[in-house]
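Trainee: Chains as they are written, first to last, in the working numbering: chain A, 1 to 176; chain B, 1 to 104.
Since the hints were derived computationally from the structure, they do not count as laboratory data. It cannot be assumed that every hint is accurate.
[Said to hold, decoys possible] Pairs of lysine to aspartate or glutamate, EDC-like flavour, derived with a Cα cap of 20 Å:
no.	chain 1	residue 1	chain 2	residue 2
1	A	K8	B	E46
2	A	K119	B	E95
3	B	K2	A	D3
4	A	K108	A	D88
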Amino acid sequence: MKDLVRQKLSIHVDVMDLLNKQIEKEAHSSSAYLAMASWCDHNALSYSADFFYEQASEEREHMMKIFRYINDNGGTAFSPEVGGVNHDFKSLEEIFETALDQEIAITKSIHNLVGKCRKVNDYTTEYFLHWFIQEQMEEEQTMRRALELFDLMGTDVLGLKLLDERIPQIREKRPE
Amino acid sequence: MKVLHQSQFFTSYQCDKQRCFFIEFPHKTVKLGFCQLLAFRQQVREIDLEAHFNGQNTHGMEMLMLCNRQHFFVLNTLESIDLKEFVTGTFAMLELNSLLTASV
């Protein structure tokens with residue numbers, strides 16, 4: 001019997017399912033960042049708001065990368081539903097802690113995907129995911145740097161304002 | 001045409017010549033391309049069997065539309081249970097075929 005599945009699909013079906021789950025997670029991440037941006041805007045933390053608007057956009061790009069990858073390789077990508085987005089935050093510090101936790105969860109999910117790829121010998125998808133592993137490392141570093149600012153500058157009114165102005169710098173790479 | 005998997009109510013076939021699949025339902029046989037098979041699989045995966053028993057799905061029916069809405073099926077609880085097992089079995093056989101083909 002011909003291997004029609006292999007002829008039509010370059011990736012493993014179980015991996016395709018996990019990638020579709022990952023699309024949902026990235027979409028949820030994007031919506032969560034939008035909620036954070038909105039909170040920052042309402043609390044006059046405009047630099048942090050811009051940061052999170054950009055994060056929301058990046059997460060959507062991640063989602064689209066996976067979406068196209070599935071379809072380009074013969075699979076079926078499913079447009080995700082997003083629900084249960086939290087809009088209620090106590091402080092900017094809580095927002096960045098939540099953002100870091102979110103990125104850690106995404107990293108874990110990507111690593112789980114890579115593990116599955118190795119298990120089923122889907123080397124194509126494993127190679128595709130290398131970019132995400134690198135990207136997640138950078139995302140975690142960025143959020144960690146933001147939290148370090150809170151340790152250094154405190155959260156009184158003036159400290160918070162100065163901290164907000166430094167948020168754009170957390171993306172800058174340290175000189176080697 | 002080769003039988004992939006057979007359950008109580010359904011049978012799946014692979015046709016090498018036309019490079020497609022056939023699924024035999026109780027009253028109808030449907031031809032599917034691979035993408036349509038994947039879409040079918042996703043619909044079946046989304047069937048919530050628990051809802052048939054916890055009162056949420058009081059009529060105990062599931063509706064399936066296949067192949068760009070060309071085919072419409074209404075399934076009862078027993079058929080839905082069997083369908084889930086059938087789809088899992090079909091894809092297990094396809095994977096087994098891939099492993100065997102790769103090892104030759």
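Trainee: Taking the hints in turn, state whether each one holds.
Mentor: Hints versus structure:
1. A:K8 / B:E46: violated, 23 Å
2. A:K119 / B:E95: The hint holds at about 14 Å.
3. B:K2 / A:D3: holds, 12 Å
4. A:K108 / A:D88: Distance ~25 Å between A:K108 and A:D88 Cα, so the pair is violated.
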